[in-house]
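Chains as they are written, first to last, in our numbering: chain A, 124 to 437; chain B, 3 to 281.
Honestly, the hints are just simulated from the structure, not real lab data.
Hints may contain errors.
Taking lysine-lysine pairs in the BS3-like style, the calculated list, with each CA pair at most 27 Å apart, reads [unchecked claim]: (1) A/Lys342 - B/Lys238; (2) A/Lys206 - A/Lys401; (3) A/Lys212 - A/Lys342; (4) B/Lys238 - A/Lys401.
Which bits of chain B does chain A cover? Going by a derived footprint, with three or more residues having C-beta under 8 Å, they are [what the hints assert, rightly or not]: (5) 69 to 78; (6) 93 to 99; (7) 108 to 118; (8) 138 to 149; (9) 153 to 162; (10) 230 to 241; (11) 251 to 260.
In silico negatives: residues of chain A with every beta carbon more than 10 Å from chain B [to be verified]: (12) Ala153; (13) Gly170; (14) Ser241; (15) Thr259; (16) Ser387; (17) Ala408; (18) Arg428.
These numbers come from a predicted model, not from an experiment.
Idealized CB from N, CA, C, for every residue including glycine.
What follows is each chain in one-letter form.
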Amino acid sequence: MQARLSRRRRAWWLPEIPKSALMRRRMLWAYAFVAAPVVALLVFLLGPILFSGWVSLHRWDMLSPVSEMPWRGLSNYRYLLTKDPVFLKSLGNTFFFAIGGVGANTILGLGFALLLNSRIRGRAIWRVLYFMPVITAPLALAVMFAFIFDRNYGLVNNVITAIGLPRQPFLSGPNQALLTLVFIAVYQFVGYYIVLFLAGLQGIPQDYYDAAQVDGAGKLQEFRYITLPLLRPVMLFVVVTNTIGALQVFDLVFATTGGAPANSSMTVVLHMYNTAFKFSRMGRASAMAFILFGIILLITIVQVRLLRDRAYQD
Amino acid sequence: MQSESALLQPLARALKYVTLALGAFVMVFPFVWMIIASLMTAGEIQLRPPVWLPAEPQFRNYSELGESIPMGRLYFNSLFTSALIVFGVLLSSSLAGFAFAKYRFPGREFLFYLILATMMIPFFVTLIPVFFIVRQLGWIDTYQGLVVPGLTSAYGIFLMRQFIITLPDELIDAARIDGASELRIFWRIIVPLVKPALATLGTFTFIGSWNAFLWPLLVINSRELMTLPLGINSMKSLYADNTHLLMAGTAVAVLPMLCVFIFLQRYFIQGIALTGLKG
Numbered sequence: 124m125q126a127r128l129s130r131r132r133r134a135w136w137l138p139e140i141p142k143s144a145l146m147r148r149r150m151l152w153a154y155a156f157v158a159a160p161v162v163a164l165l166v167f168l169l170g171p172i173l174f175s176g177w178v179s180l181h182r183w184d185m186l187s188p189v190s191e192m193p194w195r196g197l198s199n200y201r202y203l204l205t206k207d208p209v210f211l212k213s214l215g216n217t218f219f220f221a222i223g224g225v226g227a228n229t230i231l232g233l234g235f236a237l238l239l240n241s242r243i244r245g246r247a248i249w250r251v252l253y254f255m256p257v258i259t260a261p262l263a264l265a266v267m268f269a270f271i272f273d274r275n276y277g278l279v280n281n282v283i284t285a286i287g288l289p290r291q292p293f294l295s296g297p298n299q300a301l302l303t304l305v306f307i308a309v310y311q312f313v314g315y316y317i318v319l320f321l322a323g324l325q326g327i328p329q330d331y332y333d334a335a336q337v338d339g340a341g342k343l344q345e346f347r348y349i350t351l352p353l354l355r356p357v358m359l360f361v362v363v364t365n366t367i368g369a370l371q372v373f374d375l376v377f378a379t380t381g382g383a384p385a386n387s388s389m390t391v392v393l394h395m396y397n398t399a400f401k402f403s404r405m406g407r408a409s410a411m412a413f414i415l416f417g418i419i420l421l422i423t424i425v426q427v428r429l430l431r432d433r434a435y436q437d
Numbered sequence: 003m004q005s006e007s008a009l010l011q012p013l014a015r016a017l018k019y020v021t022l023a024l025g026a027f028v029m030v031f032p033f034v035w036m037i038i039a040s041l042m043t044a045g046e047i048q049l050r051p052p053v054w055l056p057a058e059p060q061f062r063n064y065s066e067l068g069e070s071i072p073m074g075r076l077y078f079n080s081l082f083t084s085a086l087i088v089f090g091v092l093l094s095s096s097l098a099g100f101a102f103a104k105y106r107f108p109g110r111e112f113l114f115y116l117i118l119a120t121m122m123i124p125f126f127v128t129l130i131p132v133f134f135i136v137r138q139l140g141w142i143d144t145y146q147g148l149v150v151p152g153l154t155s156a157y158g159i160f161l162m163r164q165f166i167i168t169l170p171d172e173l174i175d176a177a178r179i180d181g182a183s184e185l186r187i188f189w190r191i192i193v194p195l196v197k198p199a200l201a202t203l204g205t206f207t208f209i210g211s212w213n214a215f216l217w218p219l220l221v222i223n224s225r226e227l228m229t230l231p232l233g234i235n236s237m238k239s240l241y242a243d244n245t246h247l248l249m250a251g252t253a254v255a256v257l258p259m260l261c262v263f264i265f266l267q268r269y270f271i272q273g274i275a276l277t278g279l280k281g
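Work out the full structure: start from the sequences and follow the hints.
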């Protein structure tokens, strides 16, 4: 049986089956090990993304049968990009949120990591304090900060008015809501980036700095020519993951402003959630998801190119 | 020159500590304020001019919670579902990672690239179809609806494969010569050696599912199955006019987890730094 199998000419597309019974048994074990996860990923990730793409070309309320979805071609995409002011607004807001958050997290994260990496007492304690919000549920932080930034009874307004400044609307002001959300998001995640940068800094060999000092380099030159170039991998990781995460913001906005006032803090995923689960427009919501997904992929590719290429030049 | 730097050094040191302390104050004070406000009366929160401390701490705010919010139930649901998800992710990731790292089988490369590709799919893209599937299965408002879609993680498989591939093949060969079965090799040799990676993956997965909101919001309707973030969400409307109770409820939902974190912080932070550098 075994001999006959191996002598027959194998078509190019047929996989190569190991010859010995022992190897075949091991192969079966390997299939058993990967079977459940692979099936789960097919059912809950790969299948859904294909289905989602298909739905984005239709009109569907999720109640009518899948086989009877009316075909709409690209009209969902056309509608979103030309006729849906809320979507375009939410896209702009989401970009603002991501750029503000990633910028602040990178600068503050690196800055505090540098401080913690210098000769300092109680490094572990500082790190814990900065890390506390990272592990706290975004929902809890949203509730805490909705109160802290409250127009009437909030702590920040209490302090501001106590020193004689005018009361600020913060989350309820069309010009301040999004900025306040950026602050909360930076508050939540900066500790994570401090820890990542700190680990990166501690991975740079001291020899480089010793050599630079022999050559008479100043602190600023050390930072520019040693620290920054050697931190590029960490920087890449921080910028890419933070951008991907920020562009998907949902919990925080849902639980504070809900996109209000006047959609001034509406973000794409929240708008998508409303479109799908409040208004039952699954086709349009899926198209939204795909547009954002495409943007995320594009931005990620650009960021990886930029940050990696420069690393080669240095 | 020398005297100038001798003068500046203590100043720079002081500035360093002041900056760190200021940052830490901003990080910690929101939690402190939540606790302070949770001990105020409804009137004290709205006083003008504002008061910064309750005249007398109102501990009964916390006992009042129990009458309207099933805190114990919320904790049970969060713990139970997070534990199942962590167990599922650790088991499936390490088994599949082991197979991809140490076995040769037709389709291995293809399947592995498939998993790498799914790693990049954000959750919101698959949200609608996964919700549809779970609804078709009749799993809306059940534990399995909450848990099953999270039992595998493409990232977890990738991470475990990267760790297991660094283990020497000789270990496995030696065990085979001793007559160990494949499952025994996995359990007795692979798992003990990748414990640090498992701890990290488990920590990440736990925090993720413990804090998850969007998926539970879609799947769970009934009070009996709510997780902590859903509980906070429903307290938001329930206590819209009772901020002191809302703060007490949020404190109960958040502080025990923070205590666990502070207790285990070394492992948490080391693991997180580790995966950041790998990626």
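Outcome of the hint check:
Taking the CA atoms of A/Lys342 and B/Lys238, the gap is near 50 Å; set against the 27 Å cutoff, the hint is violated. Straight-line distance between C-alpha atoms of A/Lys206 and A/Lys401 comes to about 20 Å, which keeps the hinted pair within the 27 Å bound. Taken as a hint, the A/Lys212 and A/Lys342 pair is broken in the structure, with Cα atoms around 44 Å apart against an allowance of 27 Å. In summary, the hint linking B/Lys238 to A/Lys401 is supported, as the alpha carbons are separated by about 20 Å, within the 27 Å threshold.
With a cut-off of 8 Å between beta carbons, the region 69 to 78 of chain B has 0 residues touching chain A; three or more are needed, and the interface restraint is violated. For the region 93 to 99 of chain B, the assignment as covered by chain A holds, since 4 residues bring a beta-carbon within under 8 Å of that chain's beta-carbons and 3 suffice. With a threshold of 8 Å between beta carbons, the proposed coverage of the region 108 to 118 of chain B by chain A holds, since 6 of its residues qualify and at least three are required. With 0 residues having a Cβ less than 8 Å from any Cβ of chain A, the region 138 to 149 of chain B misses the three-residue criterion, and the hint is violated.
Judged by the Cβ-Cβ criterion of 8 Å, the region 153 to 162 of chain B is covered by chain A as claimed, because 4 of its residues qualify and three suffice. Residue count for the region 230 to 241 of chain B with a Cβ under 8 Å from a Cβ of chain A: 6. That meets the three needed, and the coverage hint holds. Counting residues of the region 251 to 260 of chain B whose CB falls under 8 Å from any CB of chain A gives 5; the rule of at least 3 is met. With a cut of 10 Å on Cβ distances, A/Ala153 falls inside the contact zone with chain B, its closest approach being about 4 Å.
Not every C-beta of chain B lies more than 10 Å from that of A/Gly170, the closest at about 7 Å, which undercuts listing it as non-interface. Non-interface status of A/Ser241 relative to chain B is broken: a Cβ of that chain comes within 10 Å, the nearest being about 7 Å off. The claim that A/Thr259 lies off the interface is violated: its Cβ sits roughly 6 Å from the closest Cβ of chain B, which falls inside the 10 Å cut-off. The non-interface label for A/Ser387 is consistent with chain B: the shortest C-beta to C-beta separation is roughly 21 Å, beyond 10 Å.
Not every C-beta of chain B lies more than 10 Å from that of A/Ala408, the closest at about 6 Å, which undercuts listing it as non-interface. At the 10 Å boundary, the C-beta of A/Arg428 stays outside the reach of chain B, the nearest C-beta of that chain being 16 Å off.
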